[in-house]
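The lines below spell out each chain.
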Amino acid sequence: MSTRGLLIPALLLASALAIFAALLLGSTPMAPGRVLAALLGAAEAAERTVVWQVRLPRALAAYIVGMALGASGAALQGLLRNPLADPGVLGVSASASLGATFTLYYGFIAFSPWLLPAAAVAGAMLATILIAAAAIRTASVVTLILVGVGLSSFAGAMMSLLMNLAPNPFSLSDMINWMLGSVANRSFPDIAFSVPFIAAGMAVLYAARRGLWALTLGEEAAAGVGLDLRRQRLLIVAGAGLATGGAVAMAGAIGFIGIVAPHIVRPLVRHDPGRALLPAALLAGLILVLADIGVRLLPTDNELKLGVVAAIIGAPAFVWIAMRRRSLGMERS
Amino acid sequence: MTAPQPQTKASRAEPALEVERLCLHAGGATLVDEASLELRPGEFAALLGPNGAGKTSLLRGVLGLVPTASGRVLLRGRPLRSFSPMERARELAYLPQSRPLAWPSPVRDVVSLGRYAWGCAPARPGVEDVRAVDSALAACDLLALAQRPTDSLSGGELARVHCARAFATRAPMLLADEPVASLDPRHSLRIMELIRGHVGDGAGALVVLHEVALAARFADRLIWMRGGRIVADGPPAETLTAERIAEIYQVRAEVAGARVEMQAPL
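Keeping their order, the protein sequence lines are chains A and B.
For the first sequence, position 44 (counting from the first letter as 1) is numbered 82 according to the working numbering, and the numbering increases by one without interruption.
For the second sequence, position 198 (counting from the first letter as 1) is numbered 203 according to the working numbering, and the numbering increases by one without interruption.
Don't read these hints as lab results, they were simulated from the structure.
The reader is advised that the hints may include incorrect statements.
Which residues of chain A face chain B? A partial, calculated answer using Cβ under 8 Å [unchecked claim]:
#1 Arg119
#2 Asp228
#3 Ala261
Nothing here was measured: the structure is a model prediction, and the numbers come from that model.
Ideal placement from N, C-alpha and C gives every residue a C-beta, glycine not left out.
Let's have the full structure, built from the sequences with the hints guiding it.
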């Protein structure tokens, strides 16, 4: 009981420390005292700019994106009753990227800055609906993941086609940013346009957490104990779509983090996907902040993409979980 | 359907569940054809029939999990349609045929899911929830296993966990679909005794079974289905005959009281 009670406070504390560390570290390391002074508006202008305009928005962007992806992953895993479900693996992130790039490179963004996150959310939701619909027809996890692979490939191909035809100039690095994900050069306005979607999505997922618990029994018995299955599916699709879409609008498609964080958290919350939501979100945020510190500290010529680091950590974890599942014979019938 | 009412003490109580001329179609096929039945508190009814007779479909139709073509279901005199999923779940506990557990949750948490319809939150169960779960765990002899992960249990233990989950709801009616499927004789008898005990505590039970002898031994009433229709409904002494088994299962059998010996397919 006590370890579970301490989980959230411990994660919050670690997150605060990680974000503070992100403010200290960088091309010009700053002492904790000066960072604190800059945060409070007391330091000199240059240091205030570095902390407030560069490092803090970047660290917060990484944290918020991580939270959105961690919560979406935990929720999709609960809905599909499978630890391998993740917005990246299921093609939800790629579809959101497609929506975002479409508005960006065809100039629709000129009408309203809200169109970018809205299009990303629309893309994410479309993919989530497809996955949820496929999940009703088939109990096979392999099928769902293949549907996700198909969606990802299609979204990637469409994105490169759209960008080739786009009237607005773009560079290859733009596309790589969207496909691999990065939080470099994010500003508070960038965050502000995505946060409402992410907050709404996470609130919807949190409201559906008890239903995720019921789905432990499988859909038939969950309906038997009083779960409204249609409503539950809608809530998860909408919540994961909003949160993932918002995250992609801010940082592009960052994969695997939605698998790793819930997987670590699950045994600590008695394997209840509902109770895993919040700690999985906090842990995923924490991991992304730490990964982004790594990205900034690595002495590479071109900065490494955050999504690359996430995949370097996450993809092996995905493979490991997949292989372990099979050997334990946990594949559901 | 015109069979006499069972002569048990239950027959005096008002029916808690009434099914009237229920029809269920799927993909052009008729799965359930004008099925009518009543179930009273304290009554144990076994639903018997060959594979594909419509037993599972009937249960799912009664629960409102699948759209019904015609007919109606009344719970305590109220149409099922007017119940929300949670309200219905408080009246009807359901033990489906396939019982996949997605996560290796502890036994106690799975049993607590029986309290879902009462608003039980996994982290903070209410006083009433804890009481119901404790007594269900005790009734099913699971107290020692309460903190064990469900993926470490044997098939027989797991069957008891699912029973306890259904009992913890404290619903006046239990619908169970093959609760003893793939259990050895000892565990089968154990589960049947548990359900019998639950009925003894005042619940009604409608249980799909394939073991005619087990049904005849434990149930007050046998409801026989074939081709989506209920062809007979009454106490074992009246409805269990060699002719009936030939008609229902196409099997030659010898019947002596509640003893049944299946001999050869017809």
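Q. Which hints from the list above does the structure break, by number from lowest to highest?
A. Going through the list in order, the structure violates hint 2 alone and respects the others.
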